[in-house]
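Q: Below are the chains, spelled out letter by letter.
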Amino acid sequence: MLEDEKITIKSMLPTNKEVQSTNHELILGRFKIILDNFSAYYSGKPAIKDISMKIKSNAVTAIIGPSGCGKTTLIRCFNRLHELISGATTSGRLLLDGENIYESGANPITIRRKIGMVFQKPNPFPTMSIYDNVAAGMKLNGVRDRRKLDEIVRRCLEMSALWDEVKDDLNKPGMSVSGGQQQRLCIARALATEPEVLCMDEPASALDPISTAKIEQLIDRLKQDYTIVIVTHNMQQAARVSDYTAFLYLGKLVEFGPTKQIFENPTEKLTEDYISGRFG
Amino acid sequence: MDLWLNKLTNLMQGMAELSENSVSTAIEAYLSDKNVVETIHNQSTELIMLQEEVSDLAVELLVRYQPVAADLRFIKACMEIAYGFARFGRYAYDIAQVRDQFGKLSDCDHSMVANTADEVKRMIRSSIKAFNDRDVKMAEDLRKTDDIVDSFYRQNIKRILEGQIEIKCAISAALILRYLERIADHAVYIGDLVKYIVSGEKAHL
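Residue numbers (our numbering), protein chains in the order written: chain A, 1 to 280; chain B, 1001 to 1205.
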């Protein structure tokens, strides 16, 4: 009887190979981006210093820190925009879905398609219509089928909560709409290339409170389908929109954890001083 | 924001002083068979008004500064501690009402109330000192003293139920012991909030 039980229990346990496979899937499923001793440099001078952190899938991660701490540099590393600056280099590993995007042979174009970027200042293509702003990326990728393009443009504008406001004005210039609408247009444009991660560099800093609220609602909705990383100087915005917060100072990761914990009970004094405005 | 936080601290200290004074006055009056219901009623009302003032100030601070971390914990705790101080005042009024409603109680044996009252007054002082000094150790010790108060309460109620005490004395003592036991609980909650202010840890009741 005892022996039978042993056999039954043993047969229910996964093999070592199965355990490894499950762990692997868990790690890949839970974390979209993993930084492993990652550093970034400008002409040999470090701007990001030896950061290790795991960014969770389908969650919003806010990166906060004083000006010049490396926030923007860090998210520009996520889709290899950093290397476009002359003299800019990196070291360490940055994994997207478990693959090091800085490995030789990794295609930066493919990576940039997977990791979309929205910048501080809305920057629709000035000569293009609202429709073409969204469709531009798809057209560059060779999509010519008008029906398919219509479908994608509509879907992206709906996802960025802009469709109802511009559906009758799709041929108007992208620059003709308000600042808040332009920023949502840029988000729609970023979504059109079907990214998996959306990096936003202070996406609402130039917007009024109503447009800011719309962007924040949008971020909350988009995280169901995307992994979102947002750089912000606005502590309250970080507290409102993010699930996790990373505090950077002088290129180093000081603290990283659930947003509620960071804003209610941070572990590091430096974090406490920064978020409560008693820095230095 | 620091100026506003100082204002909040001053308000809290005012409440602490008044609530401690209310409870002491009510207990002393009971033990010396004096009617102070009007005085204590006024103090209790003032404490409720001060609690509202703390609440308004805290909300204003939240709206104006959107505080985080230690500031946020302090403001949140102040709102709850102010409620605790207001409860001290309310129970003091309840104690004073006993003498007012029951009339002369000088023939009663006050020893049961006196012993418990000493512990409870000590707890109030400790909770206030722990709050002012952010003394976590003192705040944590309040739970131990509360166990003593609870034990006194059970023993005394048992004694009352034995039926050897005259009915008027028995009911008045039972009521006052109950109010004291509740005051001790609120002192413990204040201690828990002091710990929350300092460490961010919440008490698991």
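What the hints contain is simulated information worked out from the structure, not anything from laboratory work.
Quantities reported herein were computed from a predicted structural model and do not represent experimental measurements.
Careful: at least some of the hints might be erroneous.
[Stated by the list, open to error] Calculated cross-link-like contacts (lysine-lysine; reagent style DSS-like; alpha-carbon spacing at most 30 Å):
#1 LYS1007/B to LYS54/A
#2 LYS260/A to LYS1121/B
#3 LYS1129/B to LYS269/A
#4 LYS269/A to LYS49/A
#5 LYS214/A to LYS269/A
#6 LYS121/A to LYS167/A
#7 LYS1158/B to LYS260/A
#8 LYS1202/B to LYS56/A
#9 LYS252/A to LYS223/A
#10 LYS167/A to LYS223/A
#11 LYS269/A to LYS1076/B
#12 LYS1137/B to LYS214/A
#13 LYS1007/B to LYS269/A
#14 LYS121/A to LYS223/A
#15 LYS260/A to LYS1076/B
#16 LYS1202/B to LYS1104/B
#17 LYS1076/B to LYS1137/B
#18 LYS1007/B to LYS1076/B
#19 LYS269/A to LYS1202/B
#20 LYS1158/B to LYS269/A
#21 LYS1158/B to LYS1121/B
#22 LYS114/A to LYS269/A
#23 LYS260/A to LYS1104/B
#24 LYS139/A to LYS223/A
Q: Could you work out which of the previously given hints the structure breaks and list their numbers from low to high?
A: 1, 2, 5, 7, 12, 16, 20, 22, 23
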